[in-house]
Amino acid sequence: MARAAVLGRLNWLVGQLADVREETATARTLILDVPGWPGHLPGQHVDVRLTAEDGYSTERSYSIASAPDGSRLELTIQRLEDGEVSPYLTMVLSRRDPLELRGPIGGYFAWRPADSRPVLLIGGGSGVVPLMAMVRTRIASGGTAPMRLIYSTRSPDTLLYAAELERIAAGHADLDVDVVYTRAGPPDWAGRVGRLDARQLRELAGQHAADTQCFVCGPTGFVESVARLLIGQGIEAQQIRTERFGPSGGTA
Amino acid sequence: MSETWTDGNSLGGPLRDVFSVDVTAAVGRCGGCGNTGPLAEGRVFGPSPGLILRCPRCGQPLLRMARGSGRTWLDLRGLEFIEFISPE
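Protein chains in written order, with my numbering: chain Z, 6 to 257; chain R, 6 to 93.
No lab work stands behind these hints: they were computed from the structure. You may find that some hints are simply not true.
[As the list claims (entries may be wrong)] From the structure, some residues in chain Z lie toward chain R, with a derived Cβ separation under 7 Å:
| # | residue |
| --- | --- |
| 1 | L15 |
| 2 | D52 |
| 3 | Y113 |
Please read these numbers as outputs of a predicted model, since none were measured by experiment. Positions of the beta carbon are idealized from the N, C-alpha and C atoms, including for glycine.
Build out the structure end to end from the sequences listed, making use of the hints.
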């Protein structure tokens, strides 16, 4: 087992918004330049701190979407209509604005690119974000781990990274991408529409290798249901790592 | 009980203010039901008046953390032990 690293002090850094990418009507990717960024593992997150003029401050955790790339960092933010932070990040924050953040954080829900074991990634809604970082890192690092992403989303309107996922699926023999639509598929969609169930998971994921690592991320109900399905298909609990957000937090 | 919560992964930042290793990846045993697993798998409520990590199985508070006035209070009563992988 890998030794734990002694970590230095986690300092707040000031990033600058370099660019934005609109992903869907309610999700935006913030492309940040963060001087002093120490690098990260895919799956890790940052804490973002917003401070009002009267001194009130609040923090939120956001998964990193990008592969390590110097001082560049991408966060994909899903806007929650009743949210305190996400409306600001997706609608107000503008190019060249500063943003206070610290990271990388989290050694549990993280994938190490030197690890060659097969990887099964299952994401619901914006839970795909840290998994996308793993896919991107797998490609950027030229790793050899066979990887499959199963991404559950409501409809084509809520699908993040659509064009990039299509390119990845077409261009990499040992990197598979399957989208599961829970409410409506694209107009020419021949596949099934509905929540991921045991049969569909078996069809998509095929035979699991004994050493497959599973990363599952999404709203709580989604993660718990998928974890149960995986265990029902003979995956050991220790092979499954999860990250969940609150009951109203996603679009799975 | 709060209606909104995230999981133990989100405690990584606040706990790094206190510990020099990642505590969320450490394994803890619940003093209530004996459930043993990574603290990242617990459920987090908060942030006001403090952050509370609850056992994913029985709901008992495992860890409570409050911050303010330049101090941090940490209550680990709900945990029987925490197992860390020793650092290099």
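Comparing the hints with the structure gives:
1. The restraint placing L15 of chain Z at the interface with chain R holds, with a minimum CB-CB distance near 4 Å, inside the 7 Å limit.
2. At about 4 Å, the closest approach between the beta carbon of D52 of chain Z and any beta carbon in chain R falls short of 7 Å, and the interface hint on this residue holds.
3. Against a cut-off of 7 Å between C-beta atoms, the interface hint on Y113 of chain Z holds, since the closest Cβ of chain R lies about 4 Å away.
This entry satisfies every hint, going by the numbered hints stated previously.
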